[in-house]
Amino acid sequence: MSFLQILNENGEANEALLKSINLTNEDFLKMYRYMLITRVLDGWLLKLQRMGKVAIHAPNEGEEAVAVGTAYAARPEDWFFPTYRELGILITRGMSIREILCRWLANKEDVLKGHEFAIYGKKELHIVPTTTPISVHLPSAVGFAHAAKLRKDKIVVLAYLSDGATSKGDFHEACNWAGVFKVPIVFICRNNQYAISLHVSKQTASETLAIKAVAYGIKGMRVDGNDIIAVYKSAKEAIEMARNYEPVFIEYLTYRLGSHTTADDPKRYRSYEEVEFWRQKDPIKRLRTFLISRGIITEQEDISIRKEIETMVEDEVRKALEIPPPPIEVIFEDVYSDIPWNLKEEMEEIIEDFKGS
Amino acid sequence: MPVMTLAQALNNALKEQMRKDDRIIVLGEDVGKRGGVFLVTEGLLEEFGSERVIDTPLSEAAIFGVAAGMAMYGLKPVAEVQFFDFAFGGFDQIVSQIAKIRYRSGGQFKASLIIRGPVAGGIRGGMYHSQHPESYYIHTAGLKVIVPSFPYDAKGLLISALKADDPIIFMEPKSIYRTVKQEVPEGEYMVPIGKANVVRKGEDVTIITYGAMVHKSLEAAEQIEKEKGIGVEVIDLRTLLPLDIDTILTSVKKTGRVIIVHEAPKTLGFGAEIAAIIAEKAIYNLNGPILRVCGADTPFPLVHDQYYIPTVTRIKKAIIKLMSY
Numbered sequence: 002m003s004f005l006q007i008l009n010e011n012g013e014a015n016e017a018l019l020k021s022i023n024l025t026n027e028d029f030l031k032m033y034r035y036m037l038i039t040r041v042l043d044g045w046l047l048k049l050q051r052m053g054k055v056a057i058h059a060p061n062e063g064e065e066a067v068a069v070g071t072a073y074a075a076r077p078e079d080w081f082f083p084t085y086r087e088l089g090i091l092i093t094r095g096m097s098i099r100e101i102l103c104r105w106l107a108n109k110e111d112v113l114k115g116h117e118f119a120i121y122g123k124k125e126l127h128i129v130p131t132t133t134p135i136s137v138h139l140p141s142a143v144g145f146a147h148a149a150k151l152r153k154d155k156i157v158v159l160a161y162l163s164d165g166a167t168s169k170g171d172f173h174e175a176c177n178w179a180g181v182f183k184v185p186i187v188f189i190c191r192n193n194q195y196a197i198s199l200h201v202s203k204q205t206a207s208e209t210l211a212i213k214a215v216a217y218g219i220k221g222m223r224v225d226g227n228d229i230i231a232v233y234k235s236a237k238e239a240i241e242m243a244r245n246y247e248p249v250f251i252e253y254l255t256y257r258l259g260s261h262t263t264a265d266d267p268k269r270y271r272s273y274e275e276v277e278f279w280r281q282k283d284p285i286k287r288l289r290t291f292l293i294s295r296g297i298i299t300e301q302e303d304i305s306i307r308k309e310i311e312t313m314v315e316d317e318v319r320k321a322l323e324i325p326p327p328p329i330e331v332i333f334e335d336v337y338s339d340i341p342w343n344l345k346e347e348m349e350e351i352i353e354d355f356k357g358s
Numbered sequence: 058m059p060v061m062t063l064a065q066a067l068n069n070a071l072k073e074q075m076r077k078d079d080r081i082i083v084l085g086e087d088v089g090k091r092g093g094v095f096l097v098t099e100g101l102l103e104e105f106g107s108e109r110v111i112d113t114p115l116s117e118a119a120i121f122g123v124a125a126g127m128a129m130y131g132l133k134p135v136a137e138v139q140f141f142d143f144a145f146g147g148f149d150q151i152v153s154q155i156a157k158i159r160y161r162s163g164g165q166f167k168a169s170l171i172i173r174g175p176v177a178g179g180i181r182g183g184m185y186h187s188q189h190p191e192s193y194y195i196h197t198a199g200l201k202v203i204v205p206s207f208p209y210d211a212k213g214l215l216i217s218a219l220k221a222d223d224p225i226i227f228m229e230p231k232s233i234y235r236t237v238k239q240e241v242p243e244g245e246y247m248v249p250i251g252k253a254n255v256v257r258k259g260e261d262v263t264i265i266t267y268g269a270m271v272h273k274s275l276e277a278a279e280q281i282e283k284e285k286g287i288g289v290e291v292i293d294l295r296t297l298l299p300l301d302i303d304t305i306l307t308s309v310k311k312t313g314r315v316i317i318v319h320e321a322p323k324t325l326g327f328g329a330e331i332a333a334i335i336a337e338k339a340i341y342n343l344n345g346p347i348l349r350v351c352g353a354d355t356p357f358p359l360v361h362d363q364y365y366i367p368t369v370t371r372i373k374k375a376i377i378k379l380m381s382y
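Those sequence lines, one after another, are chains A and B. For what it's worth, the numbering used here labels the leading residue of the first sequence as 2, then goes sequentially. For what it's worth, the numbering used here labels the leading residue of the second sequence as 58, then goes sequentially.
Hints listed in this document are in silico derivations from the structure and should not be mistaken for laboratory results. Where is the CB? At the ideal position from N, CA and C, for every residue including glycine. Be a bit skeptical, because a hint or two may be false.
What the hints assert, rightly or not - A few chain B positions that, by computed beta-carbon distances, are all more than 12 Å from chain A:
#	residue
1	GLU108
2	SER116
3	SER153
4	ALA198
Claimed, not checked - With a straight-line Cα cutoff of 25 Å, these simulated SDA-like cross-link-like pairs (lysine to any residue) come out:
#	chain 1	residue 1	chain 2	residue 2
5	A	LYS345	B	LYS338
6	B	LYS283	B	ILE377
7	A	LYS153	B	GLY106
8	A	LYS150	B	LYS283
9	A	LYS150	B	VAL255
10	A	LYS345	B	SER107
11	A	LYS153	B	GLN74
12	A	LYS183	B	ASP301
13	A	LYS150	B	LEU306
14	A	LYS124	B	VAL255
15	A	LYS183	B	GLY131
16	A	LYS169	B	LEU102
17	A	LYS268	A	LYS345
18	A	LYS153	B	GLU104
19	A	LYS150	B	GLN165
20	A	LYS155	B	GLU108
21	B	LYS374	B	TYR185
Claimed, not checked - Partial list, derived from the structure: chain A residues whose beta carbon lies under 10 Å from chain B:
#	residue
22	PHE82
23	SER141
24	LEU151
25	VAL158
26	ALA175
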C-alpha cells in the first residue's frame, strides 16, 4: 500500500502534490494556529493535572496534525466521533478555550456536568463524546452514518480510533457493517504506535493497519500523520468519497511523544532515543519550516503568534480556575429521562451527607 | 376483538406503530425474510422494505452499537437479539454506550431504543437458549427493563417502549410466546412502564413475579385456594426497572407474607433486591420470612429443565411453609 507524504521532515514540499490541493496561505496559517493552540492547551491540561485540578489527561503532543487536519477537511454539517486524544478537533470546530478548560476541570460550566473525564462532546459542534473503553464508540458511529443515509442527509461521520483499537471486536464489527451497508463514514486511525506500553508491532501481525480495510471491502489509505498537508488532502478525498457512500479507512502514521495519560510513565517501556527520533518529525515544527521558508510568515511573526497564544491560554486558565464545581445534584441528572423513586431516595441521602461535610 | 398470542401481539404492535412512525427501524439477525426465528417480525420486511427492516450481519455488538448510533441520530431502532443468551457479545455496547450516553454527554445525546428478544427456558433449549439474564441489565444504570407475561400487556408495553425516551430492554418469555392467548385490541393503547399489575387478589400471601412465572404462580394460587383455602395475591411486575414499589408495599402490608418467584438463578437474582427493599420498608408488616422460589445457581441445564424452572409444586410448598409462621 502506498504512503502519502507531501511535506517531508525538513518541511520541504512535493510541489506537484502541493499544487493539487486547494489550500491558501490563510488556510495553512489557520491550521498552524490550531495546532499551536492545541499544543499550548495540552501543556496546560497536563500542568493542571499535576496541580490536582484535572483528574486525568491524555496528552496530544506530536499527534496534533491528525485531529486538526481531518477536522479542517470536514464540512460544518459533518459529524465527529473522536477518542480522548483529539483536542485539535474541538479547537478546529470552534470550541472556546474556556469551554474546553471548564470541561477538563469538571466545573459548573462543564457541558458534560462533570460526569466523566478526558472526553468531550457538544451537539452544536457535531461532536459526540466518546466511551473510554476502546473502540466501543465505533459501531455507533457507523449506526449514526447509517441513519443519515436512510434519511438521505448528505453528511459524513468521522470516526477516530488508535492502533490498539484495531485489535478489538467492536472495530471489526463496525468496519464490517460499514462495508456491507456502504455508510458514509471515514475511519481515522491515529497509529501513534503505542497502546499505553504495547508497540503496534505486538498489536497485530498485519504489515500495515490500512491493509485491514481490504477485508471489509472498503478503501484503505496510509498517510504520514505528522504532515498536516497530506492529512488534509487524504481526509478531504476520503470525506467526499464517503459522502457518495464509499466508506474509507485511513491509517495516519504518527507518534505519541508524551505519556499515554498522566497516570503513565513511558520511560518504563521505551527509550529516550526513540522519542527524540520521532520528535524530529514533529508536525508543528514541520509546518513552521514550510511557512517560514515560503515566506508565508517571518520568524518574528511566528514568535509573536506563539506568544499571543500562550498569553491567551494562560489568561483563560486563570479565569477558569475561579469557576466553582457543579452542585451535588448533577450526579443524579441524565441517568434516565426522569428520576425514579430509588434515585430520589439515594439523592436525598447523599445530599444530606454532602451538606453536612 | 381479535385473540392473539404474545408473539402475534408484539408483531401487531410493531406493524401498527411502524405505519405511524417512520423513525422506527427494525434490525437484527434474520428479522427480515425469515421474520425472526420466533416470527415476531413476520411480514414487516414485505410491508416496510429493507431500509426499515434490516437483516444484519451476525454481530450483536454491531446490532446494538449501530442501533445506538441510529437512535442518537433521531431514529427509533428496535434491535432484535435472537436469544438474550447471545447478547453478551454486544454487552459492552449496552453497558458502556447505550446505558451511559445520556449521562456521559450531560443529557445532550440519548439512545432511545429498544433491545428486544426471547428469554426463559421451557423449550428444551439448553444453556444458551434458555437463560433469564435480567439482573445484569437491572444492575446497569440508564436502562429500563420490561418483561411482559400476557399478550395485552405485551402490545401495550411495546407501544409505551416505542414512545419512551430511555433505552429499553424488552424481554419476551419464549415459553409463552404461543401458549398464552388473549383478546388484544386493534390500534394504539399503552400499558405504562413502571406499573405492576395485581393479576389475582388474595388476603394471605403475596407472590411477586414476572414473565412466564406469572402463569405458574397463578396456577399454584388457584390450586392452593381449592386445596387449603389460602388466598394468594399475585403481582405481575411487568416492568422490573423502574420497580413499582407502591403496588408491592400495598400488597405486602395487607398480607404480611411474601414469596418472590423467578426463573433466573437465585443468588443476586432480582428477588434478592425485592426482598431487600421490602425488608427496608415494611419489615414490621411481615409475619414470616421473605421466601424465594427461583432457578438454581447453575448454568441452565438441558436435562430436567422443568425442575430447574420453578414448578407449581415448589411454589405451593413455599406457600404452605410461609403460612406455618
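- Message: What's the verdict on LYS153(A) and GLN74(B), does the C-alpha distance respect the 25 Å limit or exceed it?
- Response: Satisfied, since the Cα-Cα distance of roughly 22 Å is no more than 25 Å.
- Distance restraint between LYS150(A) and GLN165(B), which requires alpha-carbon spacing of 25 Å or less: holds, 22 Å
- Message: Let's test the interface hint: is any C-beta of chain B closer than 10 Å to that of SER141(A)?
- Response: SER141(A) check passes; min Cβ-Cβ to chain B is 4 Å, inside 10 Å.
- Message: For a C-alpha distance cap of 25 Å, please report whether LYS169(A) and LEU102(B) respect it.
- Response: violated, 32 Å
- Message: Check whether the Cα positions of LYS345(A) and LYS338(B) lie no farther apart than 25 Å.
- Response: Roughly 15 Å separates the two Cα atoms, so the pair holds.
- Query: Taking C-beta pairs only, is SER153(B) more than 12 Å away from all of chain A?
  - Reply: violated, 5 Å
- Item | Holds or violated: LYS153(A) to GLU104(B), with C-alpha atoms at most 25 Å apart | Roughly 20 Å separates the two Cα atoms, so the pair holds.
- Item | Satisfaction of hint between GLY106(B) and LYS153(A), Cα-Cα up to 25 Å | holds, 16 Å
- Query: Does VAL158(A) meet its interface restraint, that is, does its C-beta lie within less than 10 Å of any C-beta in chain B?
  - Reply: Result: holds, 8 Å to nearest chain B Cβ.
- Agreement of LYS150(A) and LEU306(B) with the hint, judged by alpha carbon distance not exceeding 25 Å: violated, 49 Å
- Against chain B, with CB atoms and a cut of 10 Å, does the hint on PHE82(A) hold up? holds, 9 Å
- Message: For a C-alpha distance cap of 25 Å, please report whether LYS345(A) and SER107(B) respect it.
- Response: violated, 43 Å
The structure is inconsistent with the numbered hints 1, 2, 3, 4, 8, 9, 10, 12, 13, 14, 16, 17, 21, although it conforms to all the rest.
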